[in-house]
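Once you know that position 40 of the sequence shown is 40 in UniProt numbering, the rest is easy, because the numbers rise by one and skip nothing.
None of these hints come from the bench; they were simulated from the model.
Among the clues, some could well be false.
[As the list claims (entries may be wrong)] In silico BS3-like pairs for lysine-lysine, Cα to Cα no more than 27 Å straight-line: (1) K79 with K47; (2) K47 with K66; (3) K66 with K41.
[As the list claims (entries may be wrong)] Using C-beta positions, here's what the derived DEER-type ranges look like: (4) S38 with G82: 45 to 51 Å; (5) A49 with V85: 26 to 32 Å; (6) G82 with K47: 17 to 23 Å; (7) R22 with V42: 24 to 30 Å.
C-beta: ideal position from N, C-alpha, C; glycine also.
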Amino acid sequence: MFALRSIAGPVRAPACAGSRHRCVVVRAEGINPSIRKSEEKVVDMVKVADLPTPKAVYCRCWRSAKFPYCDGAHVKHNKATGDNVGPLVIDSTPAAAPQ
Numbered sequence: 001m002f003a004l005r006s007i008a009g010p011v012r013a014p015a016c017a018g019s020r021h022r023c024v025v026v027r028a029e030g031i032n033p034s035i036r037k038s039e040e041k042v043v044d045m046v047k048v049a050d051l052p053t054p055k056a057v058y059c060r061c062w063r064s065a066k067f068p069y070c071d072g073a074h075v076k077h078n079k080a081t082g083d084n085v086g087p088l089v090i091d092s093t094p095a096a097a098p099q
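The task is simple: from the sequences and hints, build the whole structure.
Have a look at this one:
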């Protein structure tokens, strides 16, 4: 999940630079909990012509059991963490012509 590190004294984080007050720096660590961890980098490429439906919904929270597709797992993740992540929606239907 997320690790909170409380930093007192001199800090190099831009948000805390020059501050005489205690500063909390939040860093997201381990965002991907389990998906294809044996790979150096997880990359998925889909051509628009190959989309499974005219509207494809892709996971951005890394918790979907159907990864790379969204299964709504972000809802539970957001409630647990206070995050606001949602899916990437690609709509390949032609845009309506302006009138």
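Comparing the hints with the structure gives:
| no. | hint | in the structure |
| --- | --- | --- |
| 1 | K79 with K47 | 33 Å, violated |
| 2 | K47 with K66 | 19 Å, holds |
| 3 | K66 with K41 | 18 Å, holds |
| 4 | S38 with G82: 45 to 51 Å | 30 Å, violated |
| 5 | A49 with V85: 26 to 32 Å | 28 Å, holds |
| 6 | G82 with K47: 17 to 23 Å | 36 Å, violated |
| 7 | R22 with V42: 24 to 30 Å | 37 Å, violated |
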